[in-house]
Amino acid sequence: MVVTISTTLPFPPSPTSPADQDWAQLYPKFFEQHTDGEHPKVEFADIGCGFGGLLVSMAPLYPNTLMLGMEIRKKVVTYVQKRVDALRDIQTSLAERKARGEDIEMIDPTEKIRKENEQLEAEAQEQQQQRPKKKQKTGEGEQDEEGFRDNGEVNRLVPGGYQNISALRMNAMKYLPNFFEKGQLSKMFFLFADPHFKKRKHKARII
Numbered sequence: 001m002v003v004t005i006s007t008t009l010p011f012p013p014s015p016t017s018p019a020d021q022d023w024a025q026l027y028p029k030f031f032e033q034h035t036d037g038e039h040p041k042v043e044f045a046d047i048g049c050g051f052g053g054l055l056v057s058m059a060p061l062y063p064n065t066l067m068l069g070m071e072i073r074k075k076v077v078t079y080v081q082k083r084v085d086a087l088r089d090i091q092t093s094l095a096e097r098k099a100r101g102e103d104i105e106m107i108d109p110t111e112k113i114r115k116e117n118e119q120l121e122a123e124a125q126e127q128q129q130q131r132p133k134k135k136q137k138t139g140e141g142e143q144d145e146e147g148f149r150d151n152g153e154v155n156r157l158v159p160g161g162y163q164n165i166s167a168l169r170m171n172a173m174k175y176l177p178n179f180f181e182k183g184q185l186s187k188m189f190f191l192f193a194d195p196h197f198k199k200r201k202h203k204a205r206i207i
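Its first residue numbered 1, the sequence shown is counted upward by one per residue in full-length UniProt numbering.
Just to be clear, a hint being listed does not mean it is correct.
Straight-line Cα separation of at most 27 Å, DSS-like style, residue types lysine-lysine; simulated pairs [claimed, not checked]:
| id | residue 1 | residue 2 |
| --- | --- | --- |
| 1 | 115 | 98 |
| 2 | 174 | 199 |
| 3 | 187 | 82 |
Have a look at the derived ranges for each label pair, beta carbon to beta carbon [to be verified]:
| id | residue 1 | residue 2 | range |
| --- | --- | --- | --- |
| 4 | 95 | 201 | 46 to 56 Å |
| 5 | 18 | 101 | 23 to 33 Å |
| 6 | 200 | 29 | 42 to 52 Å |
| 7 | 186 | 125 | 30 to 40 Å |
| 8 | 177 | 85 | 20 to 30 Å |
| 9 | 192 | 103 | 37 to 47 Å |
| 10 | 122 | 39 | 39 to 49 Å |
| 11 | 123 | 192 | 36 to 46 Å |
Honestly, the hints are just simulated from the structure, not real lab data.
The beta carbon of each residue, even a glycine, is placed where N, CA and C say it ideally should be.
Produce the complete structure using the sequences and hints provided.
Below, the structure written as structure tokens:
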């Protein structure tokens, strides 16, 4: 009887300590811009980041802050990484066009949020229902008609160019202290966490 042993690890190897984690691999251009000798550190962590909606929304609001999304599902992390890469490429292209003298609008993220809130309030008052955007099913979840360009900012520059966000596949319950030093994180987000009501599932709770 021949027994085949798989050498494929279920998760990428985690660092043994925060000092061993090379953040420059996840934020290459961000680190290139900080050549003053100081090593930027991740300050915001989105635990269970899903498809990266929070990261993409906050990136222009805090362009000088590194944010990391942590997700246990492999296909979802792959999607977020591709989404971030696509947004970065779009922003790089827009910046190059602006450098050539083209008229490229620079978005004010706070103004964008204000307008969105006003629009939502108006829609609520008029009791109108928006028609949902057509979805396309993919191997890594759903994305809308414009694929990764779903943030409504494809023709406008945003502060930071999404160079300050990234995602990792990891089990935060086990390895979170391996990535961050004591006091390093200023904000942690736990959105739509699974409450695990059943008693036998309580051990899976992260909080």
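A quick look at each hint next to the structure:
no.: 1; hint: 115 - 98; in the structure: holds, 25 Å
no.: 2; hint: 174 - 199; in the structure: holds, 20 Å
no.: 3; hint: 187 - 82; in the structure: holds, 24 Å
no.: 4; hint: 95 - 201: 46 to 56 Å; in the structure: holds, 47 Å
no.: 5; hint: 18 - 101: 23 to 33 Å; in the structure: violated, 44 Å
no.: 6; hint: 200 - 29: 42 to 52 Å; in the structure: holds, 46 Å
no.: 7; hint: 186 - 125: 30 to 40 Å; in the structure: holds, 36 Å
no.: 8; hint: 177 - 85: 20 to 30 Å; in the structure: holds, 28 Å
no.: 9; hint: 192 - 103: 37 to 47 Å; in the structure: holds, 40 Å
no.: 10; hint: 122 - 39: 39 to 49 Å; in the structure: holds, 46 Å
no.: 11; hint: 123 - 192: 36 to 46 Å; in the structure: violated, 23 Å
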